[in-house]
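Residues per chain, in single letters:
Number of protein chains: 2
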Amino acid sequence: MISNAFTIGVDLGGTNLRIAAYAQESGLLETIQLSTRLADGRDAVAADMCQAIRRLLDRYSRERSLTGIGIGSPGPLELPAGRLRQPPNLPGWDGFELRATIERALDRPVLVENDANVAALAECIVGKGRTLGVDSLCMLTLGTGVGGGIILHGKIWDGMSGMAGEVGHLNIWTDGVACGCGGHGCLEAYASATAVRRMAEEMIAREQAPGLAALQASNPRFTARDVSELAQTGDLHARRIFADVGRALGIGLASLVNLLNLPLYVVGGGLANAWTLFSRSLFEELRHRSYVYRLTDLGEDRVVDSSPGNTHVVPAQLGPDAGLLGACLLPFTAALSKV
Amino acid sequence: MISNAFTIGVDLGGTNLRIAAYAQESGLLETIQLSTRLADGRDAVAADMCQAIRRLLDRYSRERSLTGIGIGSPGPLELPAGRLRQPPNLPGWDGFELRATIERALDRPVLVENDANVAALAECIVGKGRTLGVDSLCMLTLGTGVGGGIILHGKIWDGMSGMAGEVGHLNIWTDGVACGCGGHGCLEAYASATAVRRMAEEMIAREQAPGLAALQASNPRFTARDVSELAQTGDLHARRIFADVGRALGIGLASLVNLLNLPLYVVGGGLANAWTLFSRSLFEELRHRSYVYRLTDLGEDRVVDSSPGNTHVVPAQLGPDAGLLGACLLPFTAALSKV
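Chains as they are written, first to last, in the working numbering: chain A, 259 to 597; chain B, 259 to 597.
The following block holds chain A by itself, in its conformation from the complex (with noise of 0.2 Å):
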């Protein structure tokens, strides 16, 4: 028997506005993608969701029944309330009551979650936790910051206010650089594409990589992605950054991996395309700090072994789709912790 039940999935980005809805034995049924108006405002915004989702609703819900619609944004967000909190990527969205407003607009009961906590219910419900069968991992999506999401027994862990996962800001380099969250040496600045670009152009005011200088002169807007194909034809300065970036978050997976001891560490977002690039000393750092992992590394030539009590550290299985899959799924978990 086939379930005929569907939900519907909001990834609200600071750029594109997607909405899909899903079955689980089908898959994404269809998705709208639109651009995120945020010129002209978070009510332009919110209609431009609560249209599209009525679209769906009206197309699926003749011949299927809706669990749930969830709703996946950036943070910080107040749950269960479902309210912004300063977010850094939605200006002039703070305090703005996004969970109260699509329900009132739509009449209906919505589920709202950080976006990157959905990215890692996908992750594990339909990508490496799904793969390695193992139902509770720490996903780490690097992206322009670095977003994070914990998923304990197949379900978010949000912490006491909707605020846990933040692994962006877990402590690598004390002293470091000014972080965007008003701290200092945090892994958002050493392991995303932002600080990937600082970097670079670091070592080119230091007059020292002649590759990444002529990167630079030929397309002053560069990117990370830019950066990983120098470093993949072999340019020196560029592997040193990502290998700076994987020791970054070899430091980081350590304190994780001491604290949690969870089957698996998930590592997503753009970023993570350059995977070959880092990994080495990502797991230099992280054997050499984190006994705990070392006592469960049952060795890199069964990483696909889902054995108990190996720790797996592997890249996200899902591409960019993990944010909407994840919204699609949350109507179909609950919110393990409300404190």
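These aren't lab readings, by the way, just hints derived from the structure by calculation.
Among the clues, some could well be false.
As the list makes no split between identical chains, a pair holds if one copy fits it or if it spans any two.
Derived SDA-like pairs (lysine to any residue); straight-line CA-CA distance at most 25 Å [to be verified]: (1) K413 with G567; (2) K413 with T325; (3) K413 with E355; (4) K413 with T591; (5) K413 with G285; (6) K413 with P338; (7) K413 with P478; (8) K413 with A358; (9) K413 with V384; (10) K413 with G391; (11) K413 with R300; (12) K413 with D393.
With the hints as your guide, set chain B onto chain A.
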């Protein structure tokens, strides 16, 4: 109606071995305190433990019904097997099947847990957690080393193999001093009694600390407690050591708060008696480094306020009995996490 249930708890330490009978309405009914006969080998210690357990069983199981037996042991400990893995404080016990050995000797099931985890459980159920009305916390135990435990919804978070909660090995000063775990710059190397003594010796060696030098001259085996008493008299160098302890704790707590978003973080262990000496720098670092803390800090004047959304960072309520109490409480709970 008064429940007639009771439990037996064991606090196995490198120096002392304590075994107690416990009832929820009365607390500790009776405590047997022994020396841990490490020199005679693990089988002798296990025999002492079983003999004391049998004595308490004989005495209390006529009028009460036994809920279970809980043992708190130094780690690392593989769970649920209850097998020791290279425990630094129990030399020669590597691979010892603690749980199986005791179960065989008693012909009864027993629960084995990490000692820092059971102390955290006690703080949650009958200590600061009860006082503040929350059921989740992270405890940091500052002793010879720095132990820790995470309690989620009233149950110990063990991780996949019993090794979760190792807050002593969070990254603080990445290129800092070597830690007993094999890494560098861990919290334990800056916020344990051992670390306080080392920092005092370093200050004396630099000939910058007349008060500490006088302490060492009068008592070459001075302890962290002696340093804290000197600090209480106003000695600037001794005070600076505790400011550094607080700084390390604040850096570690910032990572914890950003990651877990729990309502309560408890600082216990002998060194926590120096709370007033280190709390100022602790909160300075925590505020600086954790935006989750800043978003959830309702102010020090409300530190006993359990209003939802407040992050509490406070000294432990229970004293040295926390581990023994937690072992007694263990049978009343069940481990949340068998990933």
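Going through the hints against the structure:
Proximity of K413 and G567 under a CA criterion of 25 Å is satisfied in both settings, with 20 Å inside one chain copy and 20 Å between copies. Taking identical chains as interchangeable, the C-alpha atoms of K413 and T325 lie at most 25 Å apart only when both belong to the same chain, with a minimum of 17 Å there against 30 Å between chains. Proximity of K413 and E355 under a CA criterion of 25 Å is satisfied intra-copy only: 24 Å inside one chain copy versus 33 Å between copies. For the identical chains of this complex, K413 and T591 are neighbours both inside a copy (6 Å) and across copies (21 Å), given an alpha-carbon limit of 25 Å.
Proximity of K413 to G285 under the C-alpha cut-off of 25 Å is restricted to the intra-copy arrangement: shortest distance 19 Å within a copy versus 35 Å between copies. Taking the shortest Cα distances, K413 and P338 sit within 25 Å of each other both inside one copy (14 Å) and across copies (22 Å). Taking the shortest Cα distances, K413 and P478 never come within 25 Å of each other, neither inside one copy (43 Å) nor across copies (53 Å). For the homomeric pair K413 and A358, the shortest alpha-carbon distance inside one copy (23 Å) is at most 25 Å, but the shortest distance between copies (33 Å) is not.
For a Cα distance limit of 25 Å, the shortest separation of K413 from V384 inside one copy, 13 Å, qualifies, whereas the shortest one across copies, 28 Å, does not. Proximity of K413 and G391 under a CA criterion of 25 Å is satisfied in both settings, with 15 Å inside one chain copy and 24 Å between copies. For the identical chains of this complex, K413 and R300 are neighbours neither inside a copy (29 Å) nor across copies (41 Å), given an alpha-carbon limit of 25 Å. Both within a single protomer and between protomers do K413 and D393 lie at most 25 Å apart by alpha-carbon distance, with minima of 8 Å and 18 Å respectively.
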